[in-house]
Amino acid sequence: MSASNVVFAIVVVAAFGFFSYNVQRLVGELQIGRHDDSRWNDLPRRFWNFLQIGIFQKKIFRDGVAGPMHAAIFWGFCVLTLGTIEMILGGIVPGFSFSPYVPRLGYEFYEFNQNVWAALVLAAVSFALFRRLTKRVKRLQGAETHANDPLLILSWIGALMITMFASHATTGIVHDLMWWSHALLVLGFLNYLPYSKHLHVVVSLPNVFLSNTSGPGVIGAMRPMDLESDAAVFGAKDVEDLSWKSLLDGFACTECGRCTSVCPANLTGKLLSPRKIVVNVRERLEAEAKGDHSKTLLDDFITEEELWSCTTCRACVQECPVSIDQLSVILELRRNLVLGESRFPEEIMPAFESMEQRGSPWAFDPGDRAKWAAGMDIPTMAEMAERNERPEVLYWVGCMGSFDDRSKKTTVAFAKILKAAGVNFAILGQEEKCNGDAARRMGNEYLYQMLAKDNIETLERYGVKTVVTACPHCFHQIGNEYPQFGGNYDVVHHSTYIESLMAAGRVPLREDLHEPVRTFTYHDSCYLGRYNDVYDAPRETMRRALPMLNLVEMPRSKDRGLCCGAGGGRMFMEEKVGKRINAERAEEALATGADAIAVACPFCMTMMSDSVKSRDSHVDVYDVAEVVAGQLAI
Amino acid sequence: MDVRFKIAPSGISVDESGLKFDISDFDGYAVEAALQIKEKQADPAASEVVVISLGPDVVQETLRKAMSMGADRAVQLKYDGPIHDSYAIASALAAELKGGSYDLVMFGRMSIDTANQATGTIAAELLGLPIITAISKLDIEGGRVKARRELEGAYELVECPLPAVVTIDEGIARPRYPSLKGIMAAKKKPLESKPAQVGEERYKLDKMELPPERAAGRIIGEGKDAVPELVRLLKEEAKVL
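Quick mapping for you: the protein sequence lines, in order, are chains A and B.
Our numbering puts the first sequence at residues 1 to 634.
Our numbering puts the second sequence at residues 1001 to 1241.
For the record, the hints were derived by calculation from the structure and aren't laboratory data.
Every residue gets a Cβ at the ideal spot worked out from N, C-alpha and C, and that includes glycine.
Honestly, I wouldn't trust all of these hints.
Across the chosen pairs, the derived CB separations fall in these ranges [claimed, not checked]: (1) B:F1021 to A:G375: 45 to 51 angstroms; (2) B:R1174 to A:R223: 49 to 55 angstroms; (3) B:F1021 to A:A232: 30 to 36 angstroms.
Cβ-to-Cβ under 8 angstroms is the rule here; a few derived chain B residues that face chain A [unchecked claim]: (4) K1020; (5) S1024; (6) R1144; (7) L1162; (8) V1227.
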């Protein structure tokens, strides 16, 4: 062992010592967050996410340019880490190599891979640097980003590769110089990470493993609050009120901006940037950890205006390559605004009050809920119960379907299909109340739980098992969030239900082979699509109803679909800043040249038809149920 | 609000089944105005906002709501039957208010069901206190009430010494939405219930009736040929010409 080996051993111990100090510091920072034990269940599912999203970079590849570039760097790092271990051990123990411990062919394969992947990494970082310096990719810009950090990191990685190649290719003093440069760059890199957004190199994989955004559990369900005991702070005002996992999200974010680039609010000129939310969480956490209690995350970092711009469409969450949950932070902060401080846009007050008093966000008489069914001979659950009968399914109509003139047409269309198919169904009529989704997403958990519990009580009273509904918000709530309060039902969205009726040959359709070809484009509802993974049923339903259908897709469709702008309670708020989201979406739909737009959600129906109408277009907007009802043979 | 009422079998009250009760609009403004006065005090904790309501036990829910907005305590003057005479109500309220040594008594300008506008005024008289009615702006300065009343195309500023009675018009303040913190706190605030000492009802409600349903519109015809028939109908049937 030479003096140089000893010096290197000391350097390695110091580097790893400093790194582990930083790891401990960061773990300590995470402990500032709220207790959250929902992160260790269903380990097989978590390993599957880890493999798919982490190791195989499933979401990274959603971007066709940055995807392969990043995958080359990531997989290269995995391979080259082996070489780094060999190098470090070789620096301490003279002449150390893996070669005596593995078959010759194996070692040659390993060496070959070291070179190939180092070359790929070098090419990828060169491309990344070139792209950053010359292309000004929009999603990489933004006031909240640390713009010089990536340039430093990319150059650093490039230097790592070059010194590695150089040390292999040289001998004597030049070799020693290159070897030491490489070794110091590696150890320096390791210790720079905790101070950089590139901490994601270390945190991303655990973050994917611990995330619930792709399961396990119900996707997109909000955390139920214990309203009796959760009384110190409602929702979140600062980092200590957020789950420690939300704080880890801050460490995992590398500011790639994919979330912000798909955010409907951001795209139409609102202040909200989901990336900024995550960056703010980390910034505020670091200040808090240093003892700065003079500011709070809410107000000092994230403003009310940003929070109320969110449509809860989940596009940001869907897009994040490392499974960050931006939305849960937004929603916890909204909870604090509403439950803790009664701060919200004044135009939603009537919706809150009406939901509380009349069980609907619109001030209609609850006695009029079943008015649409006049003359259709549709029984209520109460009427059936009186006759000691129980229907096959409960048709949950929803507030829009009951009171909104346009949506009532969808309601009637769907009821006609159910009758034509001979389905034994009933409605709740006056006993149905708002599902509470808008209240919950606007932060009013108190009102939400009141509505949810009332509805569950009603459903239990009639022993309801199967619920079918034409509203994705009712569908998501009753099916995915009511189980939190003991309501467990088999809930089916009408698009799926109609499709299964058609597949069973129960829907009598006209067989007119001389119909003209119709061109439709289908607008995906967020709560049906991204929240519940229902993309094919509405499309398939229309194909079955219209044999001559030409279905064209918008550039943003299915899990990349753009929100109509009504989710998260935005339906009840004014949209004063920037372009209207429904205008953006309607333009996209009209640009397909389709002669009709299909939707599967009453909120989307309002937003899309309002915007289409406002531009004097002759394009019709239909609900999928109306498309089918129009083809009924009776 | 678009709720249709049904008249109860008694014929003198509304069928309350399925109705959800809330603070009457003007009383809501009054509660908000009271809370703002309290919050403006140098030491808000030293002053107290008390809400009082006369009625059956459902009013307790309304009183809790006022306390969830921030009122400190509540008194229910329990009375179960229908009651219409403002004097009878005011005498029960005055009996309760008399012992309370309140600096300021605030009423809604009127209740939104009977709309009599009399209860606050009668109570002031029974208490022997000055009253300013239907005020849209209120300040307390140096032991005096300074109020603004909206008139048609003008307003007037009125003052009187405390203690006093005021009745509150709209526009004074928008009632706050109770926070969950407030709702939780309200559960622990005192709500006292005692029998109302209702005075003699001097007038009686005989009968309530819904307005007749409007008949559906009729299309007589189109173009100028339809005009003579329209004029005839307006003269003979509608009797407006």
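Evaluated hints:
{"no.": "1", "hint": "B:F1021 to A:G375: 45 to 51 angstroms", "verdict": "violated, 34 angstroms"}
{"no.": "2", "hint": "B:R1174 to A:R223: 49 to 55 angstroms", "verdict": "violated, 31 angstroms"}
{"no.": "3", "hint": "B:F1021 to A:A232: 30 to 36 angstroms", "verdict": "holds, 32 angstroms"}
{"no.": "4", "hint": "K1020", "verdict": "holds, 5 angstroms"}
{"no.": "5", "hint": "S1024", "verdict": "violated, 13 angstroms"}
{"no.": "6", "hint": "R1144", "verdict": "violated, 31 angstroms"}
{"no.": "7", "hint": "L1162", "verdict": "violated, 30 angstroms"}
{"no.": "8", "hint": "V1227", "verdict": "violated, 33 angstroms"}
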